[in-house]
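S.K.: Take the sequences, apply the hints, and build the full model.
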Amino acid sequence: MRFEYSSFGEDAGGVLPRLLLTLRSGEMSIDVVGLLDTGATVNVLPRSAGRALGALWNAQPVIPKLAGNLASTEVRALSVLVTHFQAKSIPPVHLVFAWVESDDIPVILGQTNFFSMFDVCFYRSQNSFEIHLRQ
Amino acid sequence: MNQAISLQLPEQTIHRAQDAAAQTGRSLEAVLLEWIERGSILNEPFAELKQQHTLYSPLGGEDTAQALRDFLSLKQESSGL
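Chain order of the listed sequences is S and X. Quick note: the first sequence uses numbering that gives the first Met the number 0, first residue 0, plus one each step. Quick note: the second sequence uses numbering that gives the first Met the number 0, first residue 0, plus one each step.
In case anyone wonders, no lab produced these hints; they're calculated from the structure. Cβ atoms here follow ideal geometry from the backbone N, Cα and C, with glycine treated the same way. Among the clues, some could well be false.
No more than 20 Å apart at the CA atoms, straight line, and that leaves these computed lysine to any residue pairs for SDA-like [said to hold, decoys possible]:
hint: 1; chain 1: S; residue 1: Lys-64; chain 2: X; residue 2: Asp-62
hint: 2; chain 1: X; residue 1: Lys-74; chain 2: S; residue 2: Ala-58
hint: 3; chain 1: S; residue 1: Lys-64; chain 2: X; residue 2: Arg-68
hint: 4; chain 1: X; residue 1: Lys-74; chain 2: S; residue 2: Pro-91
hint: 5; chain 1: X; residue 1: Lys-74; chain 2: X; residue 2: Asp-62
hint: 6; chain 1: S; residue 1: Lys-64; chain 2: S; residue 2: Asp-103
hint: 7; chain 1: X; residue 1: Lys-74; chain 2: S; residue 2: Pro-60
hint: 8; chain 1: X; residue 1: Lys-74; chain 2: S; residue 2: Leu-80
hint: 9; chain 1: X; residue 1: Lys-74; chain 2: S; residue 2: Arg-23
hint: 10; chain 1: X; residue 1: Lys-74; chain 2: S; residue 2: Asp-103
hint: 11; chain 1: S; residue 1: Lys-64; chain 2: S; residue 2: Ile-89
hint: 12; chain 1: X; residue 1: Lys-74; chain 2: S; residue 2: Trp-56
hint: 13; chain 1: S; residue 1: Lys-64; chain 2: S; residue 2: Asp-102
hint: 14; chain 1: X; residue 1: Lys-74; chain 2: S; residue 2: Asp-102
hint: 15; chain 1: X; residue 1: Lys-74; chain 2: S; residue 2: Leu-55
hint: 16; chain 1: X; residue 1: Lys-74; chain 2: S; residue 2: Pro-90
hint: 17; chain 1: X; residue 1: Lys-74; chain 2: S; residue 2: Met-27
hint: 18; chain 1: X; residue 1: Lys-74; chain 2: S; residue 2: Gly-25
hint: 19; chain 1: X; residue 1: Lys-74; chain 2: S; residue 2: His-93
hint: 20; chain 1: S; residue 1: Lys-64; chain 2: X; residue 2: Phe-70
hint: 21; chain 1: S; residue 1: Lys-64; chain 2: S; residue 2: Ser-47
hint: 22; chain 1: X; residue 1: Lys-74; chain 2: S; residue 2: Val-92
hint: 23; chain 1: X; residue 1: Lys-74; chain 2: S; residue 2: Pro-63
hint: 24; chain 1: S; residue 1: Lys-64; chain 2: X; residue 2: Asp-69
Label pairs and their computed distance ranges (CB to CB) [said to hold, decoys possible]:
hint: 25; chain 1: S; residue 1: Glu-129; chain 2: X; residue 2: Glu-76; range: 29 to 39 Å
hint: 26; chain 1: X; residue 1: Ser-26; chain 2: S; residue 2: Leu-15; range: 16 to 26 Å
hint: 27; chain 1: S; residue 1: Val-92; chain 2: X; residue 2: Asp-69; range: 17 to 27 Å
hint: 28; chain 1: X; residue 1: Arg-68; chain 2: S; residue 2: Leu-15; range: 20 to 30 Å
hint: 29; chain 1: X; residue 1: Glu-10; chain 2: S; residue 2: Pro-63; range: 52 to 62 Å
M.R.: Rendered as structure tokens:
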């Protein structure tokens, strides 16, 4: 399924490949905008999103810290069920996030495990990208 | 003040715009307007470079990635997935 690059809020990043996603954990669900980031080693979830899903920080396992500008941030592992409400044909999948103790970051969809679950093709010259659930 | 103009567009462009409108639930006019505005920004030399960009990508977190994969495997085993 093909999606348009989009801008979001006051993000100075301009038009980027973003997806509107619904995250579920137990009975809780939230809608988020995820940035497809092929350079990111992992998926990243900001603190407030995890809390909105009812996750308890101390109940989640500690994992090694991230590199780069998130190097000083404590990180926990959090697994959530993800659906895309514009693409009913894509079944819900479990994505695992590095849940960071910071809100200075968007929801990031990275190599582990978004890009291992989905085949993605970028058409930057056409400001669009295609996503298919892996075979 | 808005002005109305007529454009002759190639069929391929119209089909792409119609697809984009259908996929995103917007009007054809809204999609075309966005494309025109986006094009004008891209044509301004180095317009995007004038802005301050934040680099979020957590590069090189291989240990973190492995820990997440282990965690997911454990969750899937425990839930029978």
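S.K.: Check the hint pairing X:Lys-74 with S:Ala-58 against an upper bound of 20 Å on the C-alpha distance.
M.R.: Roughly 14 Å separates the two Cα atoms, so the pair holds.
S.K.: Take a look at whether the Cβ-Cβ distance between X:Glu-10 and S:Pro-63 falls inside 52 to 62 Å.
M.R.: Because 53 Å falls inside the window, the suggested range holds.
S.K.: Is the Cα-Cα distance between X:Lys-74 and S:Asp-103 20 Å or less?
M.R.: 28 Å, violated
S.K.: With a cut-off of 20 Å on the C-alpha distance, tell me whether X:Lys-74 and S:Pro-63 pass.
M.R.: Holds - the C-alpha atoms of S:Pro-63 and X:Lys-74 are around 18 Å apart, at most 20 Å.
S.K.: Holds or violated: are the alpha carbons of S:Lys-64 and X:Phe-70 at most 20 Å from each other?
M.R.: 15 Å, holds
S.K.: S:Lys-64 and S:Ser-47: Cα distance at most 20 Å?
M.R.: Since the Cα atoms of S:Lys-64 and S:Ser-47 sit roughly 18 Å apart, the hinted pair holds (cutoff 20 Å).
S.K.: Are the Cα atoms of X:Lys-74 and S:Pro-90 separated by 20 Å or less?
M.R.: 19 Å, holds
S.K.: Given the hinted pair S:Lys-64 and X:Arg-68, is their alpha-carbon gap at most 20 Å?
M.R.: With Cα atoms ~15 Å apart, S:Lys-64 and X:Arg-68 stay inside 20 Å; holds.
S.K.: Is X:Lys-74 close enough to S:Leu-80, meaning Cα to Cα at most 20 Å?
M.R.: Holds. X:Lys-74 to S:Leu-80 sits at ~12 Å (cutoff 20 Å).
S.K.: Between S:Lys-64 and S:Asp-102, is the straight-line Cα distance small enough, at 20 Å or below?
M.R.: Holds: S:Lys-64 and S:Asp-102 sit about 16 Å apart, inside 20 Å.
S.K.: Run the distance test for X:Lys-74 versus S:His-93: straight-line Cα separation, threshold 20 Å.
M.R.: With a Cα-Cα distance of about 10 Å, the restraint between X:Lys-74 and S:His-93 holds, given a limit of 20 Å.
S.K.: Given the proposed pairing of X:Lys-74 with S:Pro-60, does the C-alpha separation stay at or below 20 Å?
M.R.: 12 Å, holds
When the structure is compared with the earlier hints, violations turn up for hints 10, 11 and 14 and for no others.
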